[in-house]
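Could you build all of it, start to finish, from the sequences and the hints given here?
Note that the protein sequences, when read in sequence, are chains A and B.
Residue 331 in my numbering sits at position 331 of the first sequence, with consecutive numbering throughout.
Residue 50 in my numbering sits at position 50 of the second sequence, with consecutive numbering throughout.
Keep in mind that the hints were calculated from the coordinates and are not lab data.
No residue lacks a Cβ here, since even glycine has one placed at the ideal position from N, Cα and C.
Incorrect hints may appear among the rest.
Said to hold, decoys possible - Only part of the chain A face toward chain B is listed, based on derived beta-carbon distances under 7 angstroms:
no.	residue
1	P11
2	T14
3	P87
4	P341
5	T345
6	C469
7	L498
8	M502
9	D517
10	P536
11	G541
12	L550
13	Q551
14	N618
15	Y622
Unchecked claim - Stretch-level coverage of chain A by chain B, calculated; a stretch enters the list once three of its residues show a Cβ under 8 angstroms from a Cβ in chain B:
no.	segment
16	426 to 437
17	454 to 465
18	489 to 497
19	503 to 515
There are 2 protein chains.
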Amino acid sequence: MQIRDLLFGRPLPTSDERAEHIGPAAGIPVFGLDALSSAAYGPEAALTLLIPLGISGVHFIGPITAAILILLIILYFSYSQTIEAYPHGGGSFTVAGENLGDHAGLLAAAALMIDYVLTAAVGISAGVGALISAAPKLQPHTLAICLVILVLLTVVNMRGVHDTGVVFLVPTYLFLGTLLVVIAIGLFHTVTSHGHPAPVVAPPKLPPAVAAVSLWLLLRVFSSGCTAMTGVEAVSNGVMAFRDPTTKNARRSLTVIIAFLVVLLAGIAALCRFYNVGATDPEGSGYQSVLSQLTSAVMGRGWFYDITIGSILLVLALSANTAFADFPRLTRAIALKGYLPHVFTLRGRRLLYSWGIYVLVALTGGLLILFGGVTDRLIPLYAIGAFMAFTLSQAGMVVHWRKQKGHGSGFRVFVNGLGAVATGLTTVVVLTTKFVEGAWVTALLIPCLILLMVAVHRHYRRVSQETTCPEPLQITNINPPIVIIPMDRWSRISAKALRFAMSISNDLQIVHVDSPDTDHGAEELALQWTDKILTPMRKAGLPDPKFIRLQSPYRTILMPVLDYILAEERSRPDRHIAVLVPELVVRHWWEALLHNQRSSLLKLLLLVRGSQRIVVINIPWYQE
Amino acid sequence: MQIRDLLFGRPLPTSDERAEHIGPAAGIPVFGLDALSSAAYGPEAALTLLIPLGISGVHFIGPITAAILILLIILYFSYSQTIEAYPHGGGSFTVAGENLGDHAGLLAAAALMIDYVLTAAVGISAGVGALISAAPKLQPHTLAICLVILVLLTVVNMRGVHDTGVVFLVPTYLFLGTLLVVIAIGLFHTVTSHGHPAPVVAPPKLPPAVAAVSLWLLLRVFSSGCTAMTGVEAVSNGVMAFRDPTTKNARRSLTVIIAFLVVLLAGIAALCRFYNVGATDPEGSGYQSVLSQLTSAVMGRGWFYDITIGSILLVLALSANTAFADFPRLTRAIALKGYLPHVFTLRGRRLLYSWGIYVLVALTGGLLILFGGVTDRLIPLYAIGAFMAFTLSQAGMVVHWRKQKGHGSGFRVFVNGLGAVATGLTTVVVLTTKFVEGAWVTALLIPCLILLMVAVHRHYRRVSQETTCPEPLQITNINPPIVIIPMDRWSRISAKALRFAMSISNDLQIVHVDSPDTDHGAEELALQWTDKILTPMRKAGLPDPKFIRLQSPYRTILMPVLDYILAEERSRPDRHIAVLVPELVVRHWWEALLHNQRSSLLKLLLLVRGSQRIVVINIPWYQE
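This is the structure we're talking about:
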């Protein structure tokens, strides 16, 4: 218990709920890491595709980043509105489900669940990938390092949302601070040098162009760059985690996250343009990441470079945390509607939806093991889910505002409609450009997940229909049960069972299975029956209990008893049959090996093969 | 079920018991394989130790074999008497226990159990070893082949004693027939050539002497040769497996087994002497077993040689069967006295003591895996147990006959006394000569096993003392129990539970744990309580049940309920507390994942933490 408390913190009472809530400053590390860390790989992914265009490729990064930023700002406004409209958490599942119908909600839910698992896996593997390009001799341990980080993230997150915010605050602000300094100084040099800054460390020369530009290439560049946008919906999903005033704090967090992301993306694009920095071949020997090139061009290779690169590695790995913060809230929302097991709605010892975390960790670990912890293999599966969910959420918001018809709803419909069209188009682009490489896996998993959720829902609905009881308690026709007592010999254990049986009914049946291996003879049994049971009961004026001796040609004890009970149940359709199972409880677990497990087996068999009118009464007898 | 029947045979009713019994002919493969197969490795083991003496070593095999045969014949007479005196099976455990006291019996039991496991492991690994010296490329698969043979032996033995005898009849008689032919023809040539027969294939020349003879060496040779005697007590242990007249049939089997063994050992020793056959270095490149040398010297290397060697391999591997036949009978005898779990006394579907077989297979498999299936590593642990048991059994018989004081008991005391002294001396020799090589492991295991058996016995005795009930049923002071019903909401499931509760008691307590995660509000609950339960009960003139709402600051549902039940039990020392656990039983196992397992957990917690006065009533509710 001590170690558990040390690792995960003491259990929190429900009354501490408010103290667990976070402010806008902690909201950034908790919900924003996925979005912010994309600054480290979004531009990189786009520039990598532009390598074949040589020096002219860098010129395209400006317009493409502009397009991405416009989409990002549209998303910002529409999610900001979503937060206002759904102060109890407006994930895509909720918004799409409430406005477009259950099926759209399930589609969004499945897409988002898959995407969150991928966020966790991609974030961890990208961080480890960056670490390995800095220290290549760690390469053989890739998967092990990934799993260690997964465990660390799990432990921190199991401590609760509040502690997570505190732990991740420093790396997040270090990452933001250093990158902003690089961008500021770089732009300052650009301005003072009239657009031709001199790099401190010159970036590698860009290779000559080997291909001409095409629309298909630009679309692929755009869709790669769009991976920078995943994680934007995280805040709207987690509004309830913020302290009062919740919506205001959540919107503040979202604003800060998007503002930082816009500045980072724009600044990186501008510096790439002015310092002539392009991506290098990730498979080549001279590979260097874009941010590493930029930082050394602007600041040189001193301690500042080391801190910047270090904080980038850390934030990439921690970006998985967004999944930890949001996946359990998503599964809880789905479970509340009855499409996932109810266990996802229960809060564990640290006021978290613990089962969501367990499932996320299991799936992420499985994915990391399956793909060996290599980011490149995971990336093609990624982002489709997020954009699908974005689209459904925006479309849902359009319907939502049209229903409201209040002041300013026209503008809101326009903003969300624009978002829906933009993200919808992006979904199509992303799915088309990545389909063969792996997006088909996601496209296949989504309907499977939906089918699963529908099956769960159908089960719950059926159980609910069967068990819901509109009428009050019926008091007529209440008879004591027929009590069946299996007995191997006369002992204190059977005496206790018999006394309890007499206290609840007068209709007793004692069942004995003749066994050549354990019985001490029929005479002894008959003697015990008369002397110990029948005579005292007759003296007390009680009705005779039935004594039933069963034969067992194949020596099993349980089967004849079970068959007798089932036959008795069939022949007495008006009565309850209470089977009394006496059980010796030993003092140490190993002592249980010395006794037959017939009591446990009988209980199990009766549960599995029993019927509505068979009740099991377990009378434990504790060894002194 | 079909496959199981095909593999292990259909279940046998107890009435078929007599048909499972075997005659003396089948008794030889079932109980005699261990003893007979030792002809293949006993002389070999002795001759290997004689290698350093060169040609003169072969001259010692005569006197040493004579000593071994004398000991064997003494054992034969004394075990023959044991069978007569203990017609229900007179293993060393029974004979030593009844005549020398429980501790001597336990010593014999522990020694024999260890030796039987070693018999199984050594038999299989020796057979596989012989196979591998014939086909060396199988070497890397040694352990796998050992385990496959173990599984095959298990399957055959699980079919019952009768089928085992039938299956093993052919290899046994093939082994005896071919070896007897070799001995007969060899001796014929010896006689016709006046003691100097010409070998068909000349055996390898014996190496020059490198050491002088010493008493210590001869003692070691003797103790190695004595391994040929293990398995002699098997028949006396298994008398009950023979058909009527049991003792007569058992003695016949024993006589035939010992007669064959004497002829084989004497014949092999004689042929070695006259054909100048010694052992070859088992580590050397030109290794050839003694029986292979003898057979090729007498018969040449034709088809007869192949059949002979093949049947030797087979019988070596099958010699493990003696352990399968006797170990379960031994553990049954021990369990009947309460020194091992009672489960060893129960007969399974084929009228076998199945659990003895399971444990033997598990231990043998473990031993084979631990020692990699290599015979040489196992041999030093072997035979000590058997000789210890022999000695105790003989000593026990001496006491037995002295108690009888009947006709001829003086002679019987002499025979068994001679046996006791001879086997006692042999035990000391075996233990001393093999102690460092591994016999210490056995010497250490025996007391551990005895301690275990004593602990088991103590447990059974305590339980028996606590549960034995000399007085008849007490009918005074029988009150209906207080019934506690945990209830989360009003449903058909809780309605059914409540109706059953009303049928057995008027003293009802309904317990609800307030849960912010699942409750639909306190008002709804209060409404349900009044409308659905209280009002109808009052109308029927029944006493009000108690309604208890429990708070749970840490959101667990079970702990507050459990604490309440335990507190209620303490405050009402005169009453039984019946806890009513309603349980939804789903139609498919996977559907259970969709529901909380609180019912199962509460049942488990109440069993573990409950007390004599707490009874659990499980009311299953079956989904339609």
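Tested hints:
1. P11: 5 angstroms, holds
2. T14: Since chain B brings a Cβ to about 6 angstroms from T14/A, closer than 7 angstroms, the hint holds.
3. P87: Violated, because the Cβ-Cβ distance from P87/A to chain B comes to roughly 18 angstroms (cut-off 7 angstroms).
4. P341: Holds, about 5 angstroms.
5. T345: Since the shortest Cβ distance to chain B is 6 angstroms, the answer is holds.
6. C469: Nearest chain B Cβ about 4 angstroms off; hint holds.
7. L498: OK, holds: L498/A within 7 angstroms of chain B, min 6 angstroms.
8. M502: For M502/A, the interface hint holds, since the closest Cβ of chain B sits about 5 angstroms away, which is under 7 angstroms.
9. D517: 5 angstroms, holds
10. P536: Hint holds; P536/A Cβ to chain B Cβ min 5 angstroms, cut 7 angstroms.
11. G541: Violated. Min distance 9 angstroms.
12. L550: This interface hint is violated because 14 angstroms lies over the 7 angstroms limit.
13. Q551: 9 angstroms, violated
14. N618: 4 angstroms, holds
15. Y622: Cβ of Y622/A sits 6 angstroms from chain B, so the hint holds.
16. 426 to 437: violated (count 0)
17. 454 to 465: It holds: at least three residues are needed, and the segment 454 to 465 of chain A offers 5 whose Cβ sits within less than 8 angstroms of chain B.
18. 489 to 497: holds (count 7)
19. 503 to 515: Answer holds; 3 residues pass the 8 angstroms Cβ test.
Violation of the numbered hints given earlier is confined to hints 3, 11, 12, 13, 16; the remaining hints are satisfied by the structure.
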